[in-house]
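Asks: The residues making up each chain are set out below.
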Amino acid sequence: MKDIFENEMKLEFISRSSNEAFARVTVAAFAAQLDPTIEELSDIKTAVSEAVTNCIIHGYENKQGIVKIVGHLKENEIILEISDTGKGIENINMAKEPLYTTKPNLERSGMGFTIMESFMDTMEIESIVGLGTKITMSKKIKPKIEKEDEDFQMITKD
Amino acid sequence: MESKFYEEDKLLVFKITDEIDDCSVQKIRRKADYEMERYMPKKVVFDFGCVTFMDSAGIGMLIGRYKFANMIGAKLEVSNLTQSVKRIFEMSGILKLIPVTQDLQVS
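Taken in order, these protein sequences are the chains called A and B. The opening residue of the first sequence carries number 1 in this note's numbering; numbering runs sequentially from there. The opening residue of the second sequence carries number 1001 in this note's numbering; numbering runs sequentially from there.
In case anyone wonders, no lab produced these hints; they're calculated from the structure. Predicted model only: the values in this text are computed from it and were never measured. Among these hints, one or two may not hold up.
[Unchecked claim] Listed next, the in silico DSS-like pairs over lysine-lysine satisfying Cα-Cα at most 27 Å (straight line):
id, chain 1, residue 1, chain 2, residue 2
1, B, Lys1027, A, Lys63
2, B, Lys1031, A, Lys96
3, A, Lys74, A, Lys103
4, A, Lys87, A, Lys10
5, B, Lys1042, B, Lys1031
6, B, Lys1027, B, Lys1010
7, A, Lys103, B, Lys1096
8, B, Lys1027, B, Lys1015
9, B, Lys1096, B, Lys1031
10, A, Lys134, A, Lys87
11, B, Lys1075, B, Lys1010
12, B, Lys1075, B, Lys1031
13, A, Lys142, B, Lys1096
14, B, Lys1015, B, Lys1004
15, B, Lys1075, B, Lys1015
16, A, Lys140, B, Lys1027
17, A, Lys68, A, Lys87
18, B, Lys1086, B, Lys1075
19, A, Lys68, A, Lys134
20, A, Lys63, A, Lys87
21, A, Lys96, A, Lys134
22, A, Lys134, A, Lys74
23, A, Lys68, A, Lys103
24, A, Lys140, A, Lys87
25, B, Lys1096, B, Lys1027
26, B, Lys1015, A, Lys96
27, B, Lys1031, B, Lys1086
28, A, Lys103, B, Lys1027
29, A, Lys96, B, Lys1086
30, B, Lys1096, B, Lys1086
31, B, Lys1004, A, Lys103
32, A, Lys140, A, Lys96
33, B, Lys1010, B, Lys1096
34, B, Lys1067, A, Lys103
35, B, Lys1010, A, Lys63
36, A, Lys103, B, Lys1086
[Unchecked claim] Some chain A residues flagged as far from chain B (calculated, every beta-carbon gap over 10 Å):
id, residue
37, Ile4
38, Glu6
39, Arg24
40, Thr46
Yeah, the Cβ is synthetic: ideal placement off N, Cα and C, and Gly gets one too.
The task is simple: from the sequences and hints, build the whole structure.
Replies: What follows is the structure, given as structure tokens:
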């Protein structure tokens, strides 16, 4: 029987916006083990950046706290849990609406959850007011064989 | 971010060279607003050709600069959108408001 490829990592850092780049680059380096395309990697980085920004700006409202990322690789899928122990989200449905933001004065666009949803395959929000928020999102990385097939089809189409 | 002002055309060009996220937009915002006020251009162009990463902070930053440009009577445009930058701007509908400059010649 063939072994299923599995891996796991945990990352914790304080809620400073200068750690956003650190977080997304680290997750990308972890995800690289699944051999994603540049585009898939860029999708993951963007989704992580949105989630971490939310923890810092909304969860902790720029006060100090800990942002935690747990990453799993399972076969060809990456599953990420990004959480804070900040103030929580009062109305999740409202927060998910495109362009809805509670902080328009900070030039926030209100597109965070929309981007996470469309750049990843799945995205779930669990939140308790006063206790914090956890985002779980996953994305399947296409195996290389399929990608090569696609490239081949593109070449033969021309 | 680099900037250049073309006196004869009253054109102010910002070439963004950092990754755009919540952290870096604060710097971009400060510099852009300061220079717009200083030169009072008729047209402002943001060049995204060197941007390797952008998240939704870029949308908020651009909407803010659009408002600022309007306030000082300048037109705002964007140029050299990379595939990933374009995708994020398109999701927000912001490109219905802000035109994309074709063939920006920057020396």
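Asks: Look at each hint and say if it fits the structure.
Replies: Each hint, compared with the structure:
At roughly 20 Å between alpha-carbon atoms, B/Lys1027 and A/Lys63 fall within 27 Å of each other, so this suggested pair holds. Of the supplied pair hints, the one linking B/Lys1031 and A/Lys96 is violated, its CA atoms being roughly 32 Å apart against a limit of 27 Å. The straight-line distance between the Cα atoms of A/Lys74 and A/Lys103 is roughly 37 Å, outside the 27 Å bound, and the hint therefore fails. A threshold of 27 Å between alpha carbons decides the hint, and for A/Lys87 with A/Lys10 the separation of about 22 Å falls inside it, so the pair holds.
In summary, the hint linking B/Lys1042 to B/Lys1031 is supported, as the alpha carbons are separated by about 18 Å, within the 27 Å threshold. The straight-line distance between the Cα atoms of B/Lys1027 and B/Lys1010 is roughly 23 Å, inside the 27 Å bound, and the hint therefore holds. Between A/Lys103 and B/Lys1096 the CA atoms are separated by roughly 23 Å; this keeps the pair inside 27 Å, and the hint holds. For the hint linking B/Lys1027 to B/Lys1015, the alpha-carbon distance of about 13 Å falls within 27 Å, and the restraint holds.
Proposed proximity of B/Lys1096 and B/Lys1031 is supported: the alpha carbons are some 25 Å apart, at most 27 Å. Restraint check for A/Lys134 and A/Lys87: the C-alpha separation of about 12 Å stays at or below 27 Å, so the hint holds. Distance hint between B/Lys1075 and B/Lys1010 is fulfilled; the C-alpha atoms sit about 11 Å from each other, no more than 27 Å. Taking the CA atoms of B/Lys1075 and B/Lys1031, the gap is near 18 Å; set against the 27 Å cutoff, the hint holds.
With a C-alpha separation of about 33 Å, the suggested pair A/Lys142 and B/Lys1096 falls outside the 27 Å cut-off, and the hint is violated. Proximity of B/Lys1015 to B/Lys1004 is assessed by CA-CA distance (about 8 Å); at most 27 Å being required, the pair is judged to hold. Restraint check for B/Lys1075 and B/Lys1015: the C-alpha separation of about 17 Å stays at or below 27 Å, so the hint holds. For the proposed pair A/Lys140 and B/Lys1027, the alpha carbon gap of about 35 Å is over 27 Å, so the pair is violated.
Pair hint A/Lys68 plus A/Lys87 holds up; C-alpha atoms about 15 Å apart against a cutoff of 27 Å. In summary, the hint linking B/Lys1086 to B/Lys1075 is supported, as the alpha carbons are separated by about 20 Å, within the 27 Å threshold. Taking the CA atoms of A/Lys68 and A/Lys134, the gap is about 9 Å. The hint holds against a cut of 27 Å. About 11 Å separates the Cα atoms of A/Lys63 and A/Lys87, which keeps this hinted pair within 27 Å; it holds.
The hinted pair formed by A/Lys96 and A/Lys134 meets the criterion: a straight-line CA distance of about 14 Å does not exceed 27 Å. A threshold of 27 Å between alpha carbons decides the hint, and for A/Lys134 with A/Lys74 the separation of about 20 Å falls inside it, so the pair holds. Of the pairs offered as hints, the one joining A/Lys68 and A/Lys103 holds, with about 23 Å between alpha carbons and a cut-off of 27 Å not exceeded. This hinted pair does not check out: A/Lys140 and A/Lys87 have alpha carbons roughly 31 Å apart, beyond 27 Å.
In summary, the hint linking B/Lys1096 to B/Lys1027 is supported, as the alpha carbons are separated by about 26 Å, within the 27 Å threshold. Simply put, B/Lys1015 and A/Lys96 have alpha-carbon atoms about 32 Å apart, too far for the 27 Å limit, and the pair is violated. Simply put, B/Lys1031 and B/Lys1086 have alpha-carbon atoms about 23 Å apart, close enough for the 27 Å limit, and the pair holds. Restraint check for A/Lys103 and B/Lys1027: satisfied, since their Cα atoms lie roughly 19 Å apart, inside the 27 Å limit.
Straight-line distance between C-alpha atoms of A/Lys96 and B/Lys1086 comes to about 22 Å, which keeps the hinted pair within the 27 Å bound. Between B/Lys1096 and B/Lys1086, the direct Cα distance comes to roughly 12 Å. Compliance with the 27 Å bound is thereby established for this hinted pair. Taken as a hint, the B/Lys1004 and A/Lys103 pair is broken in the structure, with Cα atoms around 32 Å apart against an allowance of 27 Å. Taking the CA atoms of A/Lys140 and A/Lys96, the gap is near 22 Å; set against the 27 Å cutoff, the hint holds.
Between B/Lys1010 and B/Lys1096, the direct Cα distance comes to roughly 24 Å. Compliance with the 27 Å bound is thereby established for this hinted pair. The straight-line distance between the Cα atoms of B/Lys1067 and A/Lys103 is roughly 17 Å, inside the 27 Å bound, and the hint therefore holds. Between the alpha carbons of B/Lys1010 and A/Lys63 the distance comes to roughly 42 Å, so the proposed pair goes past 27 Å and is violated. Proposed proximity of A/Lys103 and B/Lys1086 is supported: the alpha carbons are some 24 Å apart, at most 27 Å.
Taking the minimum C-beta to C-beta distance to chain B, about 31 Å, the non-interface status of A/Ile4 holds against the 10 Å cut. No beta-carbon of chain B is positioned within 10 Å of the beta-carbon of A/Glu6; the least distance is around 29 Å. Non-interface status of A/Arg24 relative to chain B is broken: a Cβ of that chain comes within 10 Å, the nearest being about 8 Å off. With a least CB separation of 5 Å from chain B, A/Thr46 falls inside the 10 Å interface cut-off, contrary to its annotation.
The structure is inconsistent with the numbered hints 2, 3, 13, 16, 24, 26, 31, 35, 39, 40, although it conforms to all the rest.
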